[in-house]
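One letter stands for each residue in the lines below.
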Amino acid sequence: MKYKLIHRTTYEYQVFVNGYHSLACLCPKTTPTQLCSAFTLTITPTPAELVQRTDFFGNTIHYFSIQQPHKELHVVAESIVENLPAPPPLQGKPSVSCAEARRLLEVDQNLRNELLQFMLPSPFIHWEKEIQAFAKDSFPENRPLFEAVQHLCARIFREFEFMPDATTIHTPILSVLKDRKGVCQDFSHVALAAIRSMGFAARYVSGYLETKPPPGAKKLQGSDASHAWISAYVPGLGWCDFDPTNNVIPGLRHITTAWGRDYSDVPPLKGILFSSGKQKLKVAVDVLPLEGE
Amino acid sequence: MIQKNSVGLLQAYRRELYSYDEVVDRKGELKPHWNVLFSALEKLGLRELGVRNQEIVGRLQENGVTYSVYEGSDGLNRPWQLDPIPFLIHQTEWKEISRGLQQRAELMDLILKDLYGPQTLIRDKVLPPDLVYRNTGFLRACHDVKLSGQHQLIKYAVDMARGPDGRMWVLDNRTQVPSGSGYALENRTVMSKILPDLAESLFVRRLSPFFNTTQSTIAKVFGKGKDDLTIVYLTPGPNNETYFEHAYLASYLGYILAQGDDLLVRDGYVWLKSIEGLRKVDVIIRRVDDDWCDPLELRVESKLGVPGLLQAMRSGKVAVINPPGSGILENNALMAFMHAACRHLLRQDLLLPSVATWWCGQEREQNYVLQNLHKLIIKKANRASRSIYGKSLSKDQLEQLKREIQANPADFVAQEEVSFSTTPSYVNSRIEPRFAALRAFVIGTENGYQVLSGGLTRSSPERDRFTFSNQYGGISKDTWIVGDEVEPAQETLSVTLSTSQGRKQSSLPSRSADNLFWVGRYGERVLSTITYIQVLLNSLSVNQNYGGPEQAEHLTLMLRSLTHLTLTYPGFVDEGEEERLQHPLLEISDLVFNVNRMGSIGSSVDSFLRAIKSVRDQWTPEVGRAIDLIEGSLAKFRSMDQHVAEQRIVQKNLDKLYTRMFTFYGAVSETMARDNAFYLLECGKLMERILSRVSVIRSGFVFRNSDFVENELLEALLNYHHLLGRFRTSYRSQLSLVAVLDMVLLDKHSPYSLTYQFDLLIEYLHKLPSLISGERLNPAQKTILEAATKIQLVDVTQLCQYDAETLYRAELDTLMADITTLVLSASENITNLYFNHVAIQHSLFVEANLTGKDEI
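In order, the protein sequence lines correspond to chains A and B. Taken in order, the first sequence gives residues 1 to 293; the numbers are from full-length UniProt numbering. Taken in order, the second sequence gives residues 1 to 856; the numbers are from full-length UniProt numbering.
Source of the hints: derived by calculation from the structure; they are not laboratory data. Built from N, CA and C at the ideal position, the CB exists for glycine as well. There could be a bad hint or two in this list.
Residues of chain A clear of chain B, computed beta-carbon distances all greater than 12 Å [said to hold, decoys possible]:
no. : residue
1   : GLY19
2   : THR30
3   : PHE39
4   : ALA48
5   : GLU72
6   : GLU78
7   : GLN91
8   : VAL96
9   : SER97
10  : ARG112
11  : ASN142
12  : LEU174
13  : ARG261
Derived DSSO-like pairs (lysine-lysine); straight-line CA-CA distance at most 27 Å [said to hold, decoys possible]:
no. : chain 1 : residue 1 : chain 2 : residue 2
14  : A       : LYS270    : B       : LYS303
15  : B       : LYS113    : B       : LYS380
16  : B       : LYS380    : A       : LYS280
17  : A       : LYS270    : B       : LYS317
Next comes chain B alone, as it looks inside the complex (with noise of 0.2 Å):
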């Protein structure tokens, strides 16, 4: 039965083919995986596949895989695709594939070393200088920038495709920072959550040997055997386009993600800024482009990278990898030299052929290019441009690239447009062939370069066209290296990792850290003004039911203590309060959806938000499930009309981020380790915590208000403290000013009082590195122990006196003033102690002689 089906619907897939496909052979034989691989697909059936397509959107959405392309300031975030179904190659025919891409490696390696260096290639003729010399990526600053050990190229990753001869054939070369390994991960992981069955009987060749086999040798070759080894994977931040991988890399090999100004060089070694602490580097794995690793020497306003570090490498204090200076091999020119260069330095024919490329620095291919141009594709030497496809061109189009090509011959090389092979790929829930391109990893290890057993395999969105780049909306594959048997039990590699290495790598970047201490704070300002806005709301229902007073007097304290919480004047208190205290749901609305209105509920989400993803190695999977929830109740807010003043749309909104809010806080109490990072979250939101309940205090009793509105004003502030129920069974009295004040600033055991917030805070702080020798309190310690011992030392009767005709409490003002001043106090000795290492970096590239002199 199954069988039968199996035909079917691969016979309907094989109808489709208009181009060599990868389910069959060069004789047109059904290769055996494919047919595996499509029974358990009829198994599932179409429908089935359908939801398990959905399902993995879902998984990747709330992941948080993206691929982030520039455009604007604020990026645009595009979700990453996934297709259901994988890419197959057999292993035995893999092995072959590898080799050939350990050949390429290596012969890359050795150009690396040869420009750089003797330069045989061009002095032997077998290179043009213009390939050198007219390469943007030749940096002469990296000429004695050498790694130790054996290779130079540590990171390399290969396009490739297969083309009509049934081979695979190299499309390009990434040798600066190959990026794709841990999109090839992430997929992998989805895929066999979601589709497991798919992978049965085929025997799936494992990712995480490649993994382990990276940490050991830049363990082992880099590290110089040390044992507490720092190593720190360089991103250039949450807006770079790959910043998904940066992040998700760092935490999967355990290294400390870091940005630009994490990093310092002082006394010839590179250190990080660090919670505990400056703490020396040893191995930087960058994701920073060559030319702004080093703004000293290389690109002047790079702020991506450290100042000095080519210094530091070339004295040997640090390794980078790949060195800066290898983006030089990503010369489109160079492709049309490769055989050549590999007979040369390895005395071999190249094993994987590469598509035909014609550089049009050299006459005879100028002229065949330009008689060809039609039917060739046509790039840059010098990458980061896009390829143009002659037959697309009109005939002027065609004249004018003619002419552009004649003027600078040597920028312009062309390759033959080759028909790829396609691949089952599930499109508008069917089943239709794909052009399909396959980038391969490999690293360069102490026995020689190893492949993973795997890739990154990218479909075009559309049916006949070959493009797959991310940034023009291609589709990834997760990529299948299958087998006829169990794989072979693999050594656990990465038992060379001593236990104390991973322990080490715990430390904190300064920016991290500050990032950590923000979110706590932002999502603190979130939930306290959501639970105030919610107090408030309610009171206004009950009034309206109740049928009080148009304008009741507690309400309007109320909507002030709204103001002074959010900071958000003039609002209900200054000018215009009037007609605002009429009609207070269209400001209340605002405060909530208006995310450019600083001090609303929406831009606190947005900073919260931002802070976040700053730090996006940080969270745990369910902590980052909880994040995706909040952001859909952002871009749920930012599609609101602001202007909509109705309280039950509000509440609905409130009430919804209110729970994601608490599932937030869920994850990262249940999940986070209690490590520094976690202790500077809580840190921030205790902070916020009191000074949003002081706040409230402050501006509801400074001044005796009648008994009536007193009483409203109590409740609602119990309310505030989530304590109403609990006063009413301790006290079982009526509200008093000096019995709530009691519970709300000295009750130990609401964790919405005072007293306990306190105690929590004082906890944390001693938590986190000291920093003061002789285990003496720090300056943020200090500060907040005299902020609590001032509430503990209070006299709750004391504080309720009032004069007796301003009806002003002078000793509650001074007070909450005091507490305030205090805590804004320790988040500023936070920031100093923690997170402010330097100045703010100011690249100013020094002008030391401008004027020449006249003379004779």
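Just chain A, with the same shape it has in the complex (with noise of 0.2 Å):
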């Protein structure tokens, strides 16, 4: 599948802003299995600075700053990006068991420093007696993990509403975990924190997914939004995506920006600004199927 995806993020400030310092971090990814043809990023006013760099987790970043007063700002992120077929993880054989992969990342050191930083807690993510307590059920030692993992995936989505005003970015997991209820980072931070107190390792993915309109109705304009969902390593399979939000393996209609331990590392936009006022955001993005070509 063959996407064409504009993020348009806008503040509106009630006075002045003198000085704006930001990162932004809203450039997919290209893997084995995405392709990321073309990106440009349109920041209005016109930044002072716009400098791209890599990340410790191997993500594109954009730090820009505007220097010129503005009550207004506009970032708009567009990229052309192609999703590649990718064989199915398991392709017939069942992972490794529980029991194993705890036993292979404890033996193998090479593998466990390579993993290490998501296996402990982050900034979003510890957890309590109380996280490890609905972990269990779902990681039986002879379950094998990729299925332990979905297993864990269904359940949230079975018994968590998606609420997006029930909580904000700084809702303690354990909140999320007694009402039940959250949007998409939230459902993810769960995941991850599941998963980690069963002593395997798992990422925070960021990244955007294809929506359709009810049957007959036209796409609306802006009427998509950026996703997040997670990633847990297999061990023989390496990373594996998983969604807890839709319950699905994220496939051809996921599209990848970064990865980090939480939302923290990867937020598609922060800022520091000089002003004393309020401000008020807009975000519209579309992921539009580009067909034919």
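Using the hints, put the two standalone chains together into the complex.
See below:
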């Protein structure tokens, strides 16, 4: 599948902003199954500086700063991304069992070095007994790890209610677990905490998901949104993506932008501004399939 | 004779020993240099040592040396304590220790580069990966932030103590913002002033070469040979525990002391907001901890850092020393792996031993620790926790700790509790042995790491405890590296600094400028209020002596003027004034002593001192001493009962403060350089002086009063302007408003006349950077010129005219109102010109995306 991706962010400020420093994590990755063939970042007013770099996790980050006083800021990221069909991860065979996976992660030092930061607590991910108790049911020792993660994600999908305004980015995982509602970030964080509490490695993936309009209706502009899911490390298979919000294995319609330990490593946009007033934020995302191209 | 006595003091000391002591070597032989020191002590005598010790206390207080402890918002300032007996190490031994320190520094530098780079230490299983990924000091955003030059670790400090084998053992490492070298320097300065006799024939090594090396290294390595470098010393501000040292070192090294909001990133560079405008910064020596350096990429809530700083570092536009991220080396668990790391990276054995350390993240080590908990010292792997001494725990506590370790073993580190050496210390008027530890300082230069020939020794205040952190009241000691002969002449490294560099550094950060201006304004507010109250108290006494009417009219007017002057309504003006006028002293006493009442003298002194402390680096030692005296007055005010309405007591305290304020003015005018700092302070002072004088003229004379009342008021006014004597000699006439105003407004030679003050103000405003091209006047200059001209053009006779019916002097009122408005707006002009570069930083973590989308 090939997509044109448009991610528009608009800030409106009550009083003039005199200076703004920002980090954007909006550029889709190129991976063996995803090709980002074009990317443009259009910022108005024009930034005094715009620098691209690769962060610690290998994501593409843009730093920009705006010096002129402004009351409106537009950041538009446009890209062309093609998702290549990948063979199914399991190819019919079951993955290693949880017990075996845990053993491998312990004995294989090189593997452990590589994965450790995705096994430890991180700024948004730490786990209490409740989370471990919740996770336990999905990870019996002899169940294949891949299935165990799938099982966990299915439970999150079934038992948690998707409710946009129930949480903010600072809602602790424990409250999400208690109230059983939230959005994709919360569900991903719950899944990450659960998997790590069982001693496995998992990371946060930020990206997009193509949505389809109800049958017969036309797709509305700006109706898509950025999305988040997780990736768990299964020895023998490597990193495997899971989408607990939709209970699917991410495939052709998931577009990956970045990954990190949790949301705090890869927010799409963050910034520090010099102003004293309030601000309003609007985000519109379009994931447009490019058919026949 | 001396020899005999010397044996006495020394022998008395040696009888006290309960541990291995610094004065003897491993064979139990007295070290010769300690013998020399004890001879000097003997010659001095214990009694005299006590006297000198008191002098030290006084000197440190005068110099404002403090170590503040975070406690409440007010911040408790703990006076710095210095033992009159130094800590001695012989040059021969120090050379050896220095080699060990150099090796440690090199090793630390290599570890730092490796952990933020190829991580061979982890790959080759020298360090467990947990030491990086569990380390809160490992900052991913800093992985590509590098200094140019051969070292990443530039400043480094090591805590050491002498172990039972007679060697110095490493206890701890400081790599983010190593503190203490400034205190070491101050200790030396005080010691050489107060106890020069102790150093006789000890050939003490000097500290200055190390600081010269620091300066020249920073100029050469990070200044890229530029001539007019701008080097900033970045402090978290006056509330930081070691702020004294920041200000002290900044002014010693000639760097600009700045806080995070004095700096900003523009066009990829870091700029200093100075009163000349924005000035490009080349090097930042920081005292702000790693994760507070840049709110954009590190701690978002930090107001101490500079947004965009890491990016400016990445592009090589500014050098920050030490680079953020170096805190990773302070992790206590790392101590357990130093030897292996040294073998791996340097292919050498460690020269200096470390205290045996076990990281509980390893099974074998954990078991050992759990079994021996009662005799170990337990620390958290990541810094910022107090050490726990196993031996001091009860059985239950030990079990509790065991459970905690077992729950999160990787978070814990244990160290052997070693009995370290004691050293002679002056305690309770005697010389007693106390445990001591030494902090050494290292700097990375082009020619490798160099070690300060000295250090900061701290001894434990209690007899058998080994704790000496400043936080918990340790006592510091000057540290003498002694030789057998005069130190070989050092090449003077400071000549490598070009003279132009020294000159350029005088740039004044806007925040400092703002504070200096307010030092001037608050200081004068204090003085003019004191002066007026003194004049008032005088009139009250006179009235009493001559048994005048209980509430003479002129006194009522003067009391009202006081309320207007201090803006402390209702006071003698509004609601409840009847009663206050009946017993004026109660209100006056409150206006003097009540520090919490806006407009009172106490509160102005408080604001004055706060402003002074925020620009600590600006003051000469003489000014510092005057400040110390004024602090004493404030402390007295705070302790006073505000309701003591006793005129004598109020008077006495005012007189004392009055003299101290003039001491401050005198020290400022006699010792401060005539540069922007001075002129801003003076401008603030002059503006406040004009405002206060105008206020009193206005409130006293806008209505015509009876001749008697007006006469009394005129005399008070002349007193207030310090002009009564001069008036009598020059006019020899009866007091009349025309004559008095003529002098008070227009006398060109009296420092308290308005004309004189305006002339000076115009001159000083002219000395400040104009910031306007083409030699035009800036807004502040224009406004003051307008006000000054209004005074110049005054027709005094006209001014004194009053309406026959209402007795209102319209012209006088209008003029005084105009002058007030103009001076206030000039003050605002100055703020806008020099202090306000941008709006206040408002840090916002922008949450750009909070909703996902359901589907399928």
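Results for each hint:
1. Against chain B, the non-interface label of A/GLY19 is violated: not every CB pair exceeds 12 Å, the least being about 6 Å.
2. With a least CB separation of 20 Å from chain B, A/THR30 remains clear of the 12 Å interface cut-off, as annotated.
3. Every CB of chain B lies more than 12 Å from the CB of A/PHE39, the least distance being 18 Å, so the non-interface label holds.
4. Not every CB of chain B lies more than 12 Å from the CB of A/ALA48, the least distance being 6 Å, so the non-interface label is violated.
5. With 12 Å as the threshold on Cβ separation, the claim that A/GLU72 sits away from chain B holds: the shortest Cβ distance comes to roughly 14 Å.
6. Distance check for A/GLU78 against chain B: the nearest CB is about 16 Å away, which clears 12 Å, and the non-interface claim stands.
7. Non-interface status of A/GLN91 relative to chain B is upheld: no Cβ of that chain comes within 12 Å, the nearest being about 24 Å off.
8. Every CB of chain B lies more than 12 Å from the CB of A/VAL96, the least distance being 22 Å, so the non-interface label holds.
9. No Cβ of chain B comes within 12 Å of the Cβ of A/SER97; the nearest lies about 24 Å off, and the non-interface call holds.
10. With 12 Å as the threshold on Cβ separation, the claim that A/ARG112 sits away from chain B is violated: the shortest Cβ distance comes to roughly 7 Å.
11. Remark: the non-interface label on A/ASN142 is consistent with the geometry, its nearest Cβ contact in chain B lying 26 Å away (cut-off 12 Å).
12. Annotated as non-interface, A/LEU174 keeps its C-beta farther than 12 Å from every C-beta of chain B; the closest such distance is 18 Å.
13. For A/ARG261, the shortest C-beta to C-beta distance to chain B comes to about 9 Å, within the 12 Å cut-off, and the non-interface label is violated.
14. The hinted pair formed by A/LYS270 and B/LYS303 meets the criterion: a straight-line CA distance of about 16 Å does not exceed 27 Å.
15. Distance restraint check for B/LYS113 and B/LYS380: the Cα-Cα separation of roughly 24 Å lies within the 27 Å cut-off, and the hinted pair is therefore satisfied.
16. The straight-line distance between the Cα atoms of B/LYS380 and A/LYS280 is roughly 43 Å, outside the 27 Å bound, and the hint therefore fails.
17. Proximity of A/LYS270 to B/LYS317 is assessed by CA-CA distance (about 23 Å); at most 27 Å being required, the pair is judged to hold.
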